[in-house]
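Chemist: Listed below, chain by chain, are the residues.
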Amino acid sequence: MEIINQEPVKINQKWCKGCGICTSFCRQEALALNEQGRAVLARPEKCNRCGLCEDLCPDYVLTVVDRVQHREPDQPNGSGWPGIVAPRLADRQVKPGGEGPGTGALPKSELERYLRREKMPHLWCAGCGNGLVVHALLKAIHQLSLDQNKIVAVAGIGCAGRAAGYLDFDTLHTTHGRALAFATGVKLSRPELTVIVLMGDGDAAAIGGNHLIHAARRNIDLTAIVFNNSIYGMTGGQYSPLTPPASRGTTAPYGNIERPFDLPALVQGAGGTYVARATTYHTRLLADLIKGGLTHRGFAFIEAITYCPTAFGRQNKAGSPADALRWQRDRAMNIQAYRRLAHDEKKDRFPIGLLYCSEAPEYGASYSALAAK
Amino acid sequence: MTTRLRLMQGNEAVAEAALAAGARFFAGYPITPSTEIAEIMAARLPAAGGCFIQMEDEIASLATVIGASLAGKKAFTATSGPGFSLMQENIGFAVMAEVPCVIVNVQRLGPSTGIPTAPGQGDVMQARWGTHGDHPMVVFCPSSVREAYDLTVQAFNVAERLRTPVVVLLDEIVAHMREGVELPAPGDLEIVSRPRPAGPPGSCPAYRPIENEVPAVPNFGDGYRFHVTGLAHDETGLPTNSTQVADALVRRLHRKVELFRREITFTRAYLLEDAQVAVIAYGSVARSARQAVKEARAYGVRAGLLQLQTIWPFPQEEIAALSSRVKKLVVAEMNLGQVQAEIERIVSGRARVVSLTNAGGRLFTPGEIRQAIGAVSRGHLKKVVHQ
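Same order as they appear, the protein sequences are chains C and P.
Take 1 as the starting number for the first sequence in our numbering and just add one per residue.
Take 1001 as the starting number for the second sequence in our numbering and just add one per residue.
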């Protein structure tokens, strides 16, 4: 791997796709794109080692050396964005010293431990948020010190489904929509394994909707993460059950006239016992929520709001990947604060955080109890 | 003195055989006429250290079975036509990803919902070609309760040995008919388990064929950290867009079944030595055919029966050998000639093939088949007889 050692930021240019997120978010203007469109540290002297570029790079290109404690106004969970409180459930699981101060950083050397490096860089487009969801998942796994040999990642079909191929666990890339059913078999067969299910929005909510509500109803001990990019990305931008009204898809050329699912509400209504949502901007919150899901005994559901710059962004003139992250930053609101809003104020906002958590008998435990009788 | 003789129905024999073969996981969805298998597994698996789950549909059922198998359990499901249709998607996955599993399809009359309580044999071609793409299939078809037991044990053994899905194709009559059977003692059964990796993690790619074109894919959770996908993949299991690698993979999937063809092709010959007319039948129809042959002999017609226990891979050598000796063949089946067409292809004009068909969910009586034998022996029957 070619590491251009330009302290204070190490840049792995081979994985860089030139999405421009890092340069856009760098307040110090220390980063720039070179002639090939790859990130370079143009003005190293200006870098204040805030680590924002590292946190928001979906391609794991940047590593900030000796990250500082202070926060930038733009920093996820930073002082500039007061709403976020990590859920207590997840906080309890934070391994002391397991993450950078307040940043939730996972050092690149540690991150790569969990990746099939021969498959990198991943196939996702420049600026696609899926890499950020995977990063958050790996942070959560790392911070919980889970045994890499005892994790099974089960994925569906679509862009999100390709995540499994990059992860150095036992990985199962299934048929479209069926990931939860495959995962149910793995979990019941070997309950000691940690089973993580990675799905897209069409995958989980359309073709796999039935499996989603029944996995939630059974409260089987799976951690399900939906990469919600609001569109069918891999097939080129058709509307999904989570495409916002009036947004365009190639199959909604005049704007989407369907109503979208409120997926967390659906899962809660179906009986899920851990229901959460974060965005790819709120990287630490996302990692914390996944961590909470992994330690939750029962069906844990995390909706990760991500962005498809290619299939959704272009059709809807939604702007650059960096613009999309800012949109997530500005529209998402911590659930506690969101609940205090008046009805009218909730327009154009959506809640993030641990939306619902309860306890109920877990399917596998109930089955074991039955078998012991 | 104790006897092992038991009165049981075909579905019960399937469940007993699955347990004896080592099945410890069942996922299914209720459907007539297969439901007894799920009911028995629900009752028996908890005490056997296994797991039963009723899923939300048949798509999920087979998906769950595949997941359980990848984690190391011998796993199966049971269904009937409408559910079998839903399972086709994941049957293809199990073929491509080489996941051992058994699918029991108790055939009822179709198409569609048909007559749920009536027998049928209309799924012969669906069992072969129901899932998309070029793929091999192994399909067994019992005609008695004891055969339901034996062929179910075989199904698990073949699934494990070849790492491929195997279908047991019953029909409603065999599934619900009760017979006195003496089951083999558990110690007398040959039980096969899937090949396991010989070396430690990292020593061999998960999908590299080890012996007879079959890879020793590890089980999840054993530390090998490998990838399973329905995409075309290389020896590591990771996806590829290489047309060469994909071509080699699909050919190997066929070859591993082809190499094993003789060992998994089961037929039963009855009074064929001097036969001038041979009936070819499978499933419950073979029972009527057997009686018909006996009765025809009483009338002086030298008739015989070739019963197919393996439908796929098709017993082409056996049929070809038969057609070189016996020039008049009657194919009786509860469909409009699905196996007959396959036989015509193999016989290729060497013998006259008469098709006795029935698409209404009714079993042939021995008398009907006997009459067909008689007419064929006198040279009176037209090529195709529609019942």
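No lab work stands behind these hints, which were simulated from the structure alone.
It is possible that part of the hints are untrue.
Chain C residues, not near chain P, derived (Cβ > 12 Å throughout) [to be verified]: (1) F169; (2) H173; (3) P241; (4) S358.
What follows is a set of in silico ranges between Cβ atoms, one per label pair, in the way DEER data are often shown [to be verified]: (5) P:I1115 / C:W327: 22 to 32 Å; (6) P:A1246 / C:T250: 45 to 55 Å; (7) C:A265 / P:G1187: 51 to 61 Å; (8) C:A371 / P:L1259: 53 to 63 Å.
Note that CB positions come from ideal geometry on N, CA and C, so glycine has one too.
Chemist: So which of the earlier hints does this model not fit?
Modeler: The structure breaks hints 1, 2, 5, 6, 8; every other hint is satisfied.
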